[in-house]
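Novice: Chain by chain, the residues run as shown.
2 protein chains.
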Amino acid sequence: MVRAFEYPKKQHNTVKRYNDRGTYQLGPIHSVINNSPVVHVSFTPGPEDRFPAILPMIGVMASYDYPSSTIDEPLDCYLHGYVSSRLMRLARDSEKGLPVCISATKVDGLVLSLTPNSHSYNYRSAVLQGYARPVEEVKEKVWAMEQITNKVVPDRWRHSRVPPDNVEMTSTMILRVQIETGSGKVRHGEPHDEAKDLDREDVTSSVWTGVVPVYETFGEPVPAATNKVKETPLYISSYAKEATISNREQALEAVKE
Amino acid sequence: MVRAFEYPKKQHNTVKRYNDRGTYQLGPIHSVINNSPVVHVSFTPGPEDRFPAILPMIGVMASYDYPSSTIDEPLDCYLHGYVSSRLMRLARDSEKGLPVCISATKVDGLVLSLTPNSHSYNYRSAVLQGYARPVEEVKEKVWAMEQITNKVVPDRWRHSRVPPDNVEMTSTMILRVQIETGSGKVRHGEPHDEAKDLDREDVTSSVWTGVVPVYETFGEPVPAATNKVKETPLYISSYAKEATISNREQALEAVKE
Chain A
1 MVRAFEYPKK QHNTVKRYND RGTYQLGPIH SVINNSPVVH VSFTPGPEDR FPAILPMIGV
61 MASYDYPSST IDEPLDCYLH GYVSSRLMRL ARDSEKGLPV CISATKVDGL VLSLTPNSHS
121 YNYRSAVLQG YARPVEEVKE KVWAMEQITN KVVPDRWRHS RVPPDNVEMT STMILRVQIE
181 TGSGKVRHGE PHDEAKDLDR EDVTSSVWTG VVPVYETFGE PVPAATNKVK ETPLYISSYA
241 KEATISNREQ ALEAVKE
Chain B
258 MVRAFEYPKK QHNTVKRYND RGTYQLGPIH SVINNSPVVH VSFTPGPEDR FPAILPMIGV
318 MASYDYPSST IDEPLDCYLH GYVSSRLMRL ARDSEKGLPV CISATKVDGL VLSLTPNSHS
378 YNYRSAVLQG YARPVEEVKE KVWAMEQITN KVVPDRWRHS RVPPDNVEMT STMILRVQIE
438 TGSGKVRHGE PHDEAKDLDR EDVTSSVWTG VVPVYETFGE PVPAATNKVK ETPLYISSYA
498 KEATISNREQ ALEAVKE
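In order, the protein sequences belong to chains A and B.
Counting with our numbering, you get residues 1 to 257 for the letters of the first sequence.
Counting with our numbering, you get residues 258 to 514 for the letters of the second sequence.
The set of hints was computed from the structure by calculation and includes no laboratory data.
Where is the CB? At the ideal position from N, CA and C, for every residue including glycine.
There's no promise every hint is true.
[Unchecked claim] Heads up, simulated DSS-like pairs for lysine-lysine below, C-alpha to C-alpha not over 25 Å straight-line:
id : chain 1 : residue 1 : chain 2 : residue 2
1  : B       : K396      : A       : K256
2  : A       : K241      : A       : K230
3  : A       : K196      : B       : K513
4  : B       : K453      : A       : K141
5  : A       : K241      : A       : K196
6  : B       : K453      : B       : K513
7  : B       : K498      : B       : K453
8  : A       : K228      : A       : K241
9  : A       : K139      : A       : K9
10 : B       : K487      : B       : K498
11 : B       : K485      : B       : K498
12 : A       : K241      : B       : K513
13 : B       : K513      : B       : K498
14 : B       : K353      : B       : K267
15 : B       : K353      : B       : K398
16 : A       : K10       : A       : K141
17 : A       : K241      : B       : K498
18 : B       : K485      : A       : K196
19 : B       : K498      : A       : K256
20 : A       : K139      : A       : K96
21 : A       : K196      : B       : K487
22 : B       : K398      : A       : K196
23 : A       : K256      : A       : K241
24 : B       : K487      : A       : K256
25 : A       : K139      : A       : K196
26 : A       : K139      : B       : K453
27 : A       : K230      : B       : K513
28 : B       : K513      : A       : K228
29 : B       : K353      : B       : K266
30 : A       : K228      : B       : K487
31 : B       : K485      : A       : K230
[To be verified] Sample of chain B residues at the chain A side, in silico, Cβ under 8 Å:
id : residue
32 : T301
33 : I328
34 : Q386
35 : R390
36 : S417
37 : N423
38 : T474
39 : P478
40 : P490
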């Protein structure tokens, strides 16, 4: 039997409510991050700030030291996006790295039940906590840029103008987050109504219940005014089609219990 | 001329990079929150915690005191989701309310340029900072539950079994966030490449550039096994259709400069 790696349950990552929905398995948690175009990254700017900060960034789970690691094995989270000088200083100057919280949520359906209180979403969500440090080593940075570019469209890196030149290397900031712990939540299935409502004919005869599937669609690629390549390459057009089909199937699959 | 309300620019909400993409106008910022099925809410659990926490929640911008306020006027953010006893205690016990940061991002397209460094998304993002307090007053709480239910599907509240009973009222937690400040970022348009790449024929003849539109699709509603209403009501089926069309149009519109 293959052992599925799990994140350790600690005070700050234990799922307290609906804990049958909670998961600590690396595979499902990492998949939500890798399938979300954007993750939200939270950090505490400083002791004088009352509010935590959140930045939308691109995040990829991957391992530079063990590049053949699969999605259910221990991985780092590589983040790209606007790294303010303040965030960069915080990440560079703290000994272990800056404590950050990374979160992503995929909504798979609107769950409509008899009464508003049982309404819900079908969803998959992931929260990771770890220490962020800027990637300084050139080889690792180029590798991380490749992971991030191929996250936007698989196989895009080698079909674009690479390698990055010196100016591009310097102007790009990538953070590597060493994950300390994480948790996920998954809700799927039909609406769950209570007997007190299911037994009332006046209610069941008038309130429609069910699920509206929700999924991310990738439309027909639109060439840029400056584009000189006549046909949309297959690695782009088939990704747009296949990712849409797979998202749709996942949303429909989620309706089943 | 109508004055568009703006959030005050303070140290912690000023958009520093690509600041032509930044907006402080209430309308566009509030719209992103109201059009996102899920928002991510960050808070600092306590002085002993190293990591900020993030919870995915449902968020709606609305005003209980001035219910006729439009989207570009000052509004509160009502949040619903799992409110842990810890979060509830923090929100209830702090004098002004718990400082929280609320964030949502809509991705409208994958922007593929000649070189990885100019790759981007078309997107709209919003970040709000404010003070969260639990809604205790019964009338306001029922009103907020209606806003949140109608956010999932417009007009759903009055078509479901209402009003909530005592048990439902007690078990539902809603937070009202009084917004202190906020900011938004919008990127739309085609890829922007630099002359150094546009001038290289070997690059432009081999690298396809353009935008892959991305939008949230609502599929055909799937009735629950216990559903007794024969046809899907129009307010649900037409919302699913029209929201999809409008999301698609927005993604295509975003490709234009």
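Novice: The structure should be examined with respect to each hint, and the outcome stated for every one.
Specialist: Each hint tested on the structure:
The straight-line distance between the Cα atoms of B:K396 and A:K256 is roughly 37 Å, outside the 25 Å bound, and the hint therefore fails. With a CA separation close to 19 Å, the supplied pair A:K241 and A:K230 stays within the 25 Å bound. For a cut-off of 25 Å, the pair hint linking A:K196 to B:K513 is broken: about 53 Å separates their Cα positions. The hinted pair formed by B:K453 and A:K141 meets the criterion: a straight-line CA distance of about 22 Å does not exceed 25 Å.
For the suggested pair A:K241 and A:K196, the alpha carbons sit about 44 Å apart, so the restraint of at most 25 Å is broken. Restraint check for B:K453 and B:K513: satisfied, since their Cα atoms lie roughly 23 Å apart, inside the 25 Å limit. For the hint linking B:K498 to B:K453, the alpha-carbon distance of about 44 Å lies beyond 25 Å, and the restraint is violated. A threshold of 25 Å between alpha carbons decides the hint, and for A:K228 with A:K241 the separation of about 23 Å falls inside it, so the pair holds.
With a C-alpha separation of about 34 Å, the suggested pairing of A:K139 with A:K9 is violated against the 25 Å cut-off. Taking the CA atoms of B:K487 and B:K498, the gap is about 19 Å. The hint holds against a cut of 25 Å. Between B:K485 and B:K498, the direct Cα distance comes to roughly 23 Å. Compliance with the 25 Å bound is thereby established for this hinted pair. In summary, the hint linking A:K241 to B:K513 is supported, as the alpha carbons are separated by about 22 Å, within the 25 Å threshold.
Distance check on the hinted pair: B:K513 and B:K498 sit about 24 Å apart at the alpha-carbon level, within 25 Å; holds. Distance check on the hinted pair: B:K353 and B:K267 sit about 19 Å apart at the alpha-carbon level, within 25 Å; holds. At most 25 Å may separate the alpha-carbon atoms for a hinted pair to count; B:K353 and B:K398 meet this at roughly 19 Å. Using a Cα cut-off of 25 Å, the hinted pair A:K10 and A:K141 is violated, with the two alpha carbons roughly 31 Å apart.
At most 25 Å may separate the alpha-carbon atoms for a hinted pair to count; A:K241 and B:K498 meet this at roughly 20 Å. Restraint check: the Cα-Cα separation between B:K485 and A:K196 comes to about 16 Å, which is no more than 25 Å; the hinted pair holds. Restraint check for B:K498 and A:K256: satisfied, since their Cα atoms lie roughly 22 Å apart, inside the 25 Å limit. In summary, the hint linking A:K139 to A:K96 is supported, as the alpha carbons are separated by about 22 Å, within the 25 Å threshold.
Proposed proximity of A:K196 and B:K487 is supported: the alpha carbons are some 21 Å apart, at most 25 Å. The hinted pair formed by B:K398 and A:K196 meets the criterion: a straight-line CA distance of about 22 Å does not exceed 25 Å. Restraint check: the Cα-Cα separation between A:K256 and A:K241 comes to about 24 Å, which is no more than 25 Å; the hinted pair holds. Annotation: proposed proximity of B:K487 to A:K256 holds, straight-line Cα distance about 20 Å (limit 25 Å).
Taken as a hint, the A:K139 and A:K196 pair is broken in the structure, with Cα atoms around 62 Å apart against an allowance of 25 Å. Pair hint A:K139 plus B:K453 holds up; C-alpha atoms about 24 Å apart against a cutoff of 25 Å. For the suggested pair A:K230 and B:K513, the alpha carbons sit about 20 Å apart, so the restraint of at most 25 Å is met. Restraint check: the Cα-Cα separation between B:K513 and A:K228 comes to about 18 Å, which is no more than 25 Å; the hinted pair holds.
Of the pairs offered as hints, the one joining B:K353 and B:K266 holds, with about 21 Å between alpha carbons and a cut-off of 25 Å not exceeded. Proximity of A:K228 to B:K487 is assessed by CA-CA distance (about 53 Å); at most 25 Å being required, the pair is judged violated. For the proposed pair B:K485 and A:K230, the alpha carbon gap of about 53 Å is over 25 Å, so the pair is violated. Hint status for B:T301 relative to chain A: holds, with the closest Cβ pair at about 6 Å, below 8 Å.
Of the supplied interface hints, the one on B:I328 is violated, with its beta-carbon coming no nearer than about 21 Å to a beta-carbon of chain A, more than 8 Å. Proximity of B:Q386 to chain A holds as hinted, the smallest CB-CB distance being about 4 Å (cut-off 8 Å). For B:R390, the shortest C-beta to C-beta distance to chain A is roughly 15 Å, which exceeds 8 Å, and the interface hint is violated. For B:S417, the suggested interface contact is upheld, since its CB lies about 5 Å from the closest CB of chain A, less than 8 Å.
At a threshold of 8 Å, the smallest CB-CB gap from B:N423 to chain A is about 12 Å, leaving the interface hint violated. For the restraint placing B:T474 at the interface with chain A, the shortest Cβ-Cβ distance is roughly 4 Å, inside the 8 Å limit, so the hint holds. Residue-level restraint check for B:P478 holds (minimum Cβ-Cβ distance to chain A is 5 Å; threshold 8 Å). The beta carbon of B:P490 is positioned within 8 Å of a beta carbon in chain A (closest approach about 5 Å), and the interface hint is therefore held.
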